[in-house]
Amino acid sequence: MSTKCLLWWIKMDLLNYKLHELTSLIRKKALSVKELCQFYMDRIEKYNSELNAVLTINPDILQTAENIDKNLNQYKDLPLLGIPILLKDVFCTKGIRTTAGSKILENFISPYSAEVVRRLEKAGAVILGKCNQDEFAMGNSNKNSAFGPVYNPWNKKYVPGGSSGGSAAAVAAGLCAASMGTDTGGSVRQPASFCNLVGVKPTYGRVSRYGMIAYASSLDQAGPMTMCVEDSALILESISGKDEKDSTSSIKEVPKWLHNCQSQNIKNMKIGFLNKEEANTSCSPEVVQSLEQVKTLLQSKGALVEDVSVPIMNMSVPVYYLISTSEASSNLARYDGVRYGYRSDFQNKKPDHLEEFYSQTRKEGFGSEVKRRIIMGTYCLSSGYYDEYYNKASQIRRIIRDHFVKIFSKYSLLIAPVSLSTAFSLEENPAGTLESYLIDSFTVSANLAGLPALSVPACFSSANQLPIGVQLIASHFDEQTLFNTALLIQEELKAVGKRPSYLV
Amino acid sequence: MEQNSQHANLRSEWKTVIGLEIHAQLLTKSKLFSPDPSHFVEKENEHIHFISLGLPGTLPVLNQKVLEYSTQVGLALNCHINGRSVFARKNYFYPDLPKGYQISQYEQPICENGYIEFECKGKRKKVRIQRVHIEEDAGRFHHRGHCSLVNFNRAGVPLVEIVSMPDMNSPAEAAEMVRSIRKILKYMKVCDGNLEEGSLRCDCNVSVQKISDNKLGTRTELKNLNSFKFIEKAIEYEVNRQIHILNEGHKVIQETRLYDSTKNKTFSLRSKEEASDYRYFPDPDLLPVSLSKQWIEEQRKQIPESFLQKADRFQKEYGLSPKESFLITEERSRADYFEKMLKTKASAQLSANWLINEVLARFNENRMDIDNCPVTPEQLGEMIKMIERKEISGKIGKKVFSEMWNTKKNPVEIIKKLGLKKISDPNILSSMVEEIINKFPKQVADYKNGKEKIFGFFIGEVMKISKGQADPEALNKMVKEKLNS
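Chains as they are written, first to last, in my numbering: chain A, 1 to 504; chain B, 1001 to 1485.
Okay, chain A solo, but in the shape it has when bound:
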């Protein structure tokens, strides 16, 4: 094949490369960073209007790409060399608007970049732009965005999941090589499941939260959303590790996840399957079936599979919503219109008093789900209710954590549904309903317990042809077991890597 022909072939096939393959093409100068960025920008141009996944393009992207191309020798050993990445809009980016999906930060430009962004760039990645999301990461449908819903690339009548819905849809539609999401109660894993991606919520403390707009500080973790397991391992490796600017970040050493990543020899490995009956809700038959499929696979590879009872599971959703809304009510108090962000024009009348200044600005600036959660959290923390709600929830949270620690003294891995079903239609599960909160039933526990968890594509629904992922949960700081087992599932079940045909 001639060089020209080879290049043409590579570019036609760019969507099928793993990240480390892309970096090696760039290293060999078979592909320039600028070409790769242009490739994704063209796709954004072509597909974003129908998906609404991307909110802002980095205005300096091509210049940055050119700079890397020009000084390739200097950068060529970087693990994410030239990889164009889209970020959920909660990651502050110096010079690029950061909205958190909210009107209240509609025109906010941060004077500094998040630590995750700094580390991605240090690893050679280029920030392509920012993704749509549920406002302040509150939601699981991406319908709660001030910039409109995101549509699932697999079927535009369906949601992509949330809150990292834009980040998920963008990767699935090939608008970037990979994206970053955040996961407070399932916001990386659930949209990953809905869009046929690998999504990781690392152990709490693995990744710095500095510069990540907070929803619920004790639960928030950033995580990659990628087309395959190896890509997630590579990105997570680049962003993990102690950051002096985040007191809750861990000093634990970061393993070479990608290098150590091999489809697990699981012979005699004890794997627990979460007893789904103990949740307050039930899963769709396709979800049950996907888990059976995984169970059969793991058993056939010699794993010792058992059902695991977590009787306190039915407490997870209420505990999650008490703690997350309490923290959110405080975290979102800073959006008051005094220093930055949206401020009401008070219909050109001067507000009579300070309370009016605040309430009018916040009433107009926040969406309804955010307001609902602020009110809920404010109530939970109020004097006379604190013990009954916030305090009680914190106590149960500790019990949940202890329970999981006990489980992991016996099992290497726990397998659970990601969500109750495949992606749901835009009309279903309106915000604020109990049903909409119960969607998080199987994901919130990992956040409450601080455990690492991963969503990996398992199969497609025979009913609506939408993807279904399964969730892998491991003990604290044991992301390696997640990657290795997920790689086995990737290789054996072969759902990973598939894209909607019209987008290929």
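Taking beta-carbon pairs under 10 Å as the criterion, some of the chain B residues facing chain A (in silico):
| # | residue |
| --- | --- |
| 1 | PRO1056 |
| 2 | GLY1057 |
| 3 | PRO1060 |
| 4 | VAL1061 |
| 5 | LEU1062 |
| 6 | TYR1092 |
| 7 | LEU1097 |
| 8 | TYR1278 |
| 9 | PRO1282 |
| 10 | LEU1287 |
The following residues of chain B were derived to be distant from chain A, with all beta-carbon distances above 10 Å:
| # | residue |
| --- | --- |
| 11 | LYS1029 |
| 12 | CYS1120 |
| 13 | GLU1248 |
| 14 | LEU1291 |
| 15 | GLN1309 |
| 16 | ASN1406 |
| 17 | LYS1477 |
The set of hints was computed from the structure by calculation and includes no laboratory data. Ideal Cβ positions, reconstructed from N, Cα and C, are used throughout, including at glycine.
The hints should help you fit chain B onto chain A, whose structure is shown.
Showing chain B alone in chain A's frame:
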């Protein structure tokens, strides 16, 4: 008249109960949770790191120096230091509060259960300290005509809040308590203690109760007390107001009141019902603070001797009077100055006299601080030693001291330059005395006839011709000898 005595009678049935909350800014280089400087700066919004402004995504990181300082404060106030303490968020909206919450400590403060002792009107008073906790300061909200402006330089400056038990029973005791706390903090060099500028602030909880009653009365909280005088006056006013209300058969409302120093009155700021529900909860951005016993002991070693210990020691070791020792230990810099004088081996009593009568007197005149005294303690000590060795008289000493103050030169140099050395050479003295005796034969005759009062006249005349340099003791002896011979 009758009304007055009735009022006094009613007044004597009541007991005043006062508790204090004292906020002290710590003298750390950077702020409590962010790297920008914490010292005062004239220009607005100069020290405003992203963290101080509460920008989206920012996180607090605890300044370790604050842990050291606040632990030392707790230890100096005889507190128990909690091995584990927790930062909590105090939630309320105000334009000077960037995050919409203040990071403070609530259920688990760093220090608890201490006490402080001080002298008030000659009696030793002990006040229990309920807790000492760490928190961040807010910015400043200014109203300028039709607009309001915020300055965030102060936002995030570290504070310790010292909360006392309601153990004080008079305005004087309350003021003395604040003075003592201020002295302790300044001694430790953790706070500059400036009430007017607000680096030390004090809120007073005041209530009155019948002397026969054991139950505390309803309290009011007084704010905006930025001098010792105002603390006393505001409490005095508030006590009278409450007694008046209760005597009329009404009830005191629990509320926060602001002191207006120009009117010498307190005004209601907000009642308990209007007070915010602060919705305290542990700050999830900060880990609980763990302090080992060993670390706490290390902090104990950093604490300097307290002013009370120092005053006691000065009395015992140097034989100073209580009044002298309290004057000298009032400020740590004074005490340090005093002890540096003693290092030259100058006598303690003379050093104390000179420090109090000359140095401190001059400071009162010039509104200066001993830290920028032009005369070093070593120079003053040397001069005092010369007086002790009778090389110069006390009177000459004052002249030398003035010269030292003005020129910053050493005493030896000055004495040499001005020729002020004391004359005790018997030959020189003898010739001077002869000269005077010969000059005033009438007075000599008077003296010899029994008019002994005139003795001083001869001394004065010799002093005159010696330009004050004659050694008075030797001179006395010689004049007596010559007149009696």
